[in-house]
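Q: Residue strings, one per chain:
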Amino acid sequence: MKILVCISHVPDTTTKIQFEADKSGLNKAGVTFIINPYCEYGLSKAIGFQEEGKNITGITAICVGGPEVEPTLRKALAIGADDAVRIDANAGDSAFVARQIADYARGKDFSIIFTGKESIDFNGALVPGMLAEYLGLPFVSFATEMDLIAHERARFKREIDGGEEIVETALPVVVSCQKGIAEWRIPNMRGIMAARKKPLAVVSPTAVKDYTPTVSFDYPPAKGSCQYFEPANASGLVTALVNKGLI
Amino acid sequence: MEPVVKQQALKGGEFLIRETDAREVFIPEDFNEEQRMMAQACQDFINTEINPVIERIEHMEPGLLPSLMEKAGELGLLGITVPEEYGGLGMSFNTSMLIADIFGQTGSFSTAFGAHTGIGTLPIQYYGNEEQKEKYLPLLGSGQWKACYCLTEPDAGSDANSGKTRAVLSADGSHYLITGQKMWISNAGFADLLIVFAKIDNDKNLSAFIVEKTFGGITMGEEEKKLGIKGSSTRQVFFNETPVPVENMLSERGNGFKIAVNILNIGRIKLAAGVIGGCKDVLSKSVVYANERRQFGQSISGFGAIKHKMAEMATRLWVTEAAAYRAGQNIEQKIEELKASGLSKEEAILKGVEQFAIECAIMKVHGSEVLDYIVDEGVQIYGGMGFSADAPMERAYRDARITRIYEGTNEINRMLLVGMIFKRAMKGELNLLGPAMAVAKELTSMPEFGEDTPGILAEEKKVLKNLKKALLMVAGKAAQDIGARLDDEQEVLMLIADMVIEIYAAESALLRAEKMALTAGEDAAKSQLSMAKIYLAGAVERVQTAGREAIAAFATDDEANVLQMGLKRFTKTPLVNTVALRRQIADVLIAENGYKL
Ligand SMILES: Cc1cc2nc3c(=O)[nH]c(=O)nc-3n(C[C@H](O)[C@H](O)[C@H](O)COP(=O)(O)OP(=O)(O)OC[C@H]3O[C@@H](n4cnc5c(N)ncnc54)[C@H](O)[C@@H]3O)c2cc1C
Numbered sequence: 001m002k003i004l005v006c007i008s009h010v011p012d013t014t015t016k017i018q019f020e021a022d023k024s025g026l027n028k029a030g031v032t033f034i035i036n037p038y039c040e041y042g043l044s045k046a047i048g049f050q051e052e053g054k055n056i057t058g059i060t061a062i063c064v065g066g067p068e069v070e071p072t073l074r075k076a077l078a079i080g081a082d083d084a085v086r087i088d089a090n091a092g093d094s095a096f097v098a099r100q101i102a103d104y105a106r107g108k109d110f111s112i113i114f115t116g117k118e119s120i121d122f123n124g125a126l127v128p129g130m131l132a133e134y135l136g137l138p139f140v141s142f143a144t145e146m147d148l149i150a151h152e153r154a155r156f157k158r159e160i161d162g163g164e165e166i167v168e169t170a171l172p173v174v175v176s177c178q179k180g181i182a183e184w185r186i187p188n189m190r191g192i193m194a195a196r197k198k199p200l201a202v203v204s205p206t207a208v209k210d211y212t213p214t215v216s217f218d219y220p221p222a223k224g225s226c227q228y229f230e231p232a233n234a235s236g237l238v239t240a241l242v243n244k245g246l247i
Numbered sequence: 001m002e003p004v005v006k007q008q009a010l011k012g013g014e015f016l017i018r019e020t021d022a023r024e025v026f027i028p029e030d031f032n033e034e035q036r037m038m039a040q041a042c043q044d045f046i047n048t049e050i051n052p053v054i055e056r057i058e059h060m061e062p063g064l065l066p067s068l069m070e071k072a073g074e075l076g077l078l079g080i081t082v083p084e085e086y087g088g089l090g091m092s093f094n095t096s097m098l099i100a101d102i103f104g105q106t107g108s109f110s111t112a113f114g115a116h117t118g119i120g121t122l123p124i125q126y127y128g129n130e131e132q133k134e135k136y137l138p139l140l141g142s143g144q145w146k147a148c149y150c151l152t153e154p155d156a157g158s159d160a161n162s163g164k165t166r167a168v169l170s171a172d173g174s175h176y177l178i179t180g181q182k183m184w185i186s187n188a189g190f191a192d193l194l195i196v197f198a199k200i201d202n203d204k205n206l207s208a209f210i211v212e213k214t215f216g217g218i219t220m221g222e223e224e225k226k227l228g229i230k231g232s233s234t235r236q237v238f239f240n241e242t243p244v245p246v247e248n249m250l251s252e253r254g255n256g257f258k259i260a261v262n263i264l265n266i267g268r269i270k271l272a273a274g275v276i277g278g279c280k281d282v283l284s285k286s287v288v289y290a291n292e293r294r295q296f297g298q299s300i301s302g303f304g305a306i307k308h309k310m311a312e313m314a315t316r317l318w319v320t321e322a323a324a325y326r327a328g329q330n331i332e333q334k335i336e337e338l339k340a341s342g343l344s345k346e347e348a349i350l351k352g353v354e355q356f357a358i359e360c361a362i363m364k365v366h367g368s369e370v371l372d373y374i375v376d377e378g379v380q381i382y383g384g385m386g387f388s389a390d391a392p393m394e395r396a397y398r399d400a401r402i403t404r405i406y407e408g409t410n411e412i413n414r415m416l417l418v419g420m421i422f423k424r425a426m427k428g429e430l431n432l433l434g435p436a437m438a439v440a441k442e443l444t445s446m447p448e449f450g451e452d453t454p455g456i457l458a459e460e461k462k463v464l465k466n467l468k469k470a471l472l473m474v475a476g477k478a479a480q481d482i483g484a485r486l487d488d489e490q491e492v493l494m495l496i497a498d499m500v501i502e503i504y505a506a507e508s509a510l511l512r513a514e515k516m517a518l519t520a521g522e523d524a525a526k527s528q529l530s531m532a533k534i535y536l537a538g539a540v541e542r543v544q545t546a547g548r549e550a551i552a553a554f555a556t557d558d559e560a561n562v563l564q565m566g567l568k569r570f571t572k573t574p575l576v577n578t579v580a581l582r583r584q585i586a587d588v589l590i591a592e593n594g595y596k597l
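Heads up: the sequence lines are chains P and C, in that order. Residue 1 is where the first sequence starts when you use my numbering, and the numbers rise one by one after that. Residue 1 is where the second sequence starts when you use my numbering, and the numbers rise one by one after that.
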């Protein structure tokens with residue numbers, strides 16, 4: 001049974017976001033990139049299955065992006081993926097990414113395709129569902145638990161408003177991972193050294209249109225400054241509000 | 001006069017008389033992807049496994065520290081330098097420095113880690129025979145066994161070779177029976193293996209033994225109650241006719257002191273690496289606190305007095321980092337060179353480190369004193385909260401203090417490093433005499449201002465070159481005047497050591513900034529160039545102060561004038577607005593809400 005793990009390459013959670021001067025994109029100078037934490041749950045889960053002896057014959061990590069995403073893929077190899085694939089295209093909108101991954105995965109017999117529930121950069125949460133649709137596979141979103149059960153089926157726990165839901169599906173399946181499905185793993189030093197020798201294939205993209213290219217980025221409006229009034233000066237507060245036309 | 005030849009310094013101590021090409025030094029920015037990934041994994045381990053239980057470690061919860069060591073072992077973090085054929089990773093010297101650097105923020109754990117992977121494991125790795133390495137290294141590198149190092153005794157601390165622990169051959173010649181008392185032994189509480197130094201019969205010199213805990217005749221004292229690193233195990237160890245098979249002697253009879261010294265050399269440079277992680281952690285926390293804490297209607301990070309502290313902390317730690325990895329790389333290059341010349345890997349490492357023993361001692365002193373400066377200012381930035389055991393500065397402050405004491409006290413290291421410089425000069429291994437005489441001649445001639453070579457940090461390089469002349473002048477004259485009784489003039493030795501340390505640190509700073517400017521451009525290296533300038537300005541003052549005091553102490557009246565004039569000439573420096581430079585650094589720290597330089 002082969003597993004495909006989608007790896008999104010995202011800025012570290014502590015990054016102070018700054019855009020290029022022309023607002024065309026993120027200013028990447030000095031920014032550390034990491035494996036999207038939700039994707040990393042999927043990777044951990046896949047390795048977990050392998051360690052439990054679930055007859056996993058290969059774990060492939062895949063990312064759509066330029067050469068700059070390769071360190072992130074090598075991190076996935078260090079953690080335990082067996083090989084990696086980079087689809088050599090700048091990641092466009094969600095449909096673009098989902099189509100690229102679907103075109104790669106089609107016909108390759110992956111039993112499970114893991115994704116994160118969303119990427120922490122754009123928070124679109126669209127790729128997983130689109131990917132399932134393009135591949136014509138069942139889709140389980142926000143999975144917090146997953147077990148492989150008999151007859152090539154899997155059982156999941158997923159988060160729903162105010163509770164949880166148990167679902168079951170036949171494999172192959174696309175799963176979007178939520179916290180809880182697995183614990184992150186720290187790569188072993190030996191794994192890090194071995195990553196160098198594991199295959200990382202660069203694949204040409206298929207001709208897919210980016211329907212919703214980004215025009216520009218901007219910052220949220222700056223927070224206004226705060227004006228304090230002493231408790232004794234309630235009338236001052238009222239006057240200020242009146243002057244601002246708020247009351 | 002031109003005492004300076006442009007060439008890569010490949011000999012220890014040579015930095016005093018040679019100029020180094022910035023492009024040839026290693027800077028932390030040069031770490032490759034794999035090394036960065038290892039450092040990150042180490043940081044992840046700290047974040048997930050150590051930080052959440054730090055209070056429990058500090059209270060010495062039984063079994064916790066050794067179990068964390070085992071987890072580190074599972075990740076391969078204890079076998080970084082252990083050769084691959086013995087189950088380790090066989091990584092480079094600077095990689096092992098990097099791991100020590102990251103663990104530096106963990107206080108008690110860092111000590112346990114250092115005692116195990118450094119002084120505990122290395123004696124076997126470097127001096128063990130094939131059987132000993134095969135038997136013990138896989139156990140140590142994986143963390144299945146924990147090691148400690150028993151050198152110090154109640155009456156033999158700094159004077160380590162004066163130990164009274166004895167080893168006597170058993171009647172049947174199969175075992176040595178070791179009897180004696182060791183003190184201040186890190187990891188003693190849970191160690192499975194002890195490296196023990198003892199004298200066989202009435203030998204003048206120590207021998208070293210690999211002792212398994214289960215050999216018998218070993219009892220432990222209570223855990224010492226300590227000022228800091230309270231979570232680390234430190235105990236007395238008593239040996240009462242502990243039978244040690246003769247095949248467990250390390251190296252040869254009487255070679256123990258040499259082993260101890262060589263292992264300590266490595267320990268010293270690793271200690272310098274180990275302070276870096278601690279310094280960064282303390283500074284980052286201090287910046288966050290200063291940004292959050294408001295007084296007089298604003299963040300205290302906006303106050304000039306606090307900016308000064310943050311920028312000075314950043315500068316000093318950045319300089320220690322520059323110097324530690326520069327030395328680390330010199331050692332690594334030397335090791336490679338020696339290996340290529342046919343030495344075994346282990347011999348090459350020992351000889352390589354020995355060659356840079358001066359730099360190791362310099363870095364031990366500089367690193368530990370920078371750490372102490374930083375934790376002190378960290379407490380100050382936190383104000384009352386700095387004094388509270390509920391905030392992180394209090395522990396950092398206490399934990400830092402040990403670094404000036406172990407791995408040879410800073411006094412011992414200061415004396416050692418000057419002693420080594422003089423010894424090598426005397427033996428002709430280090431050509432100090434020529435340059436020192438040239439400087440002496442220059443003293444009696446008209447001051448020459450040197451040609452202005454344009455380029456990055458050109459002015460600063462000239463200042464540094466002169467600092468070296470100041471050192472050569474003072475040290476040269478001291479050797480001439482009081483060389484025979486220098487051991488009785490420790491104060492002068494200490495002052496010369498301070499000058500040497502400042503020069504090495506300042507030069508490392510200039511080189512790192514220059515290399516960054518060369519590779520990333522001067523704009524991108526703006527902060528780094530500023531830090532180099534700030535450090536140099538301070539170093540000039542410190543060299544001057546130490547030089548004046550030394551001259552006053554040993555020079556005759558006629559000499560003193562000339563020397564003082566010379567010192568003035570060689571420590572002349574243009575006025576630098578360090579206040580403005582520090583503000584610039586502080587503003588970067590404030591904006592990034594931590595230290596990322
Ligand atoms: C927490 C902790 C952990 C330790 N871990 C270990 C360990 O794992 N294994 C081990 O073997 N040892 C260990 N030590 C021992 C440590 O290395 C010694 O404490 C250190 O070498 C100093 O020796 P001492 O304590 O006897 O001090 P002393 O040698 O008595 O020194 C006292 C003071 O005198 C100064 N002094 C001594 N001699 C001279 C001199 N010739 N000239 C000028 N000044 C001098 C010193 O610099 C110091 O300031 C540890 C110590 C501590 C506190």
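FYI, nobody ran anything at the bench for these hints, they're computed from the structure. Hints may contain errors.
Each computed DSS-like pair below joins lysine-lysine, with the alpha-carbon atoms no more than 30 Å apart [claimed, not checked]:
#1 Lys133(C) with Lys339(C)
#2 Lys198(P) with Lys71(C)
#3 Lys71(C) with Lys179(P)
#4 Lys285(C) with Lys16(P)
Q: All the hints need checking, so say for each whether the structure fits it.
A: Structure-based check of all given hints:
no.	hint	verdict
1	Lys133(C) with Lys339(C)	holds, 20 Å
2	Lys198(P) with Lys71(C)	holds, 25 Å
3	Lys71(C) with Lys179(P)	holds, 23 Å
4	Lys285(C) with Lys16(P)	holds, 17 Å
Of the numbered hints given earlier, the model fails none.
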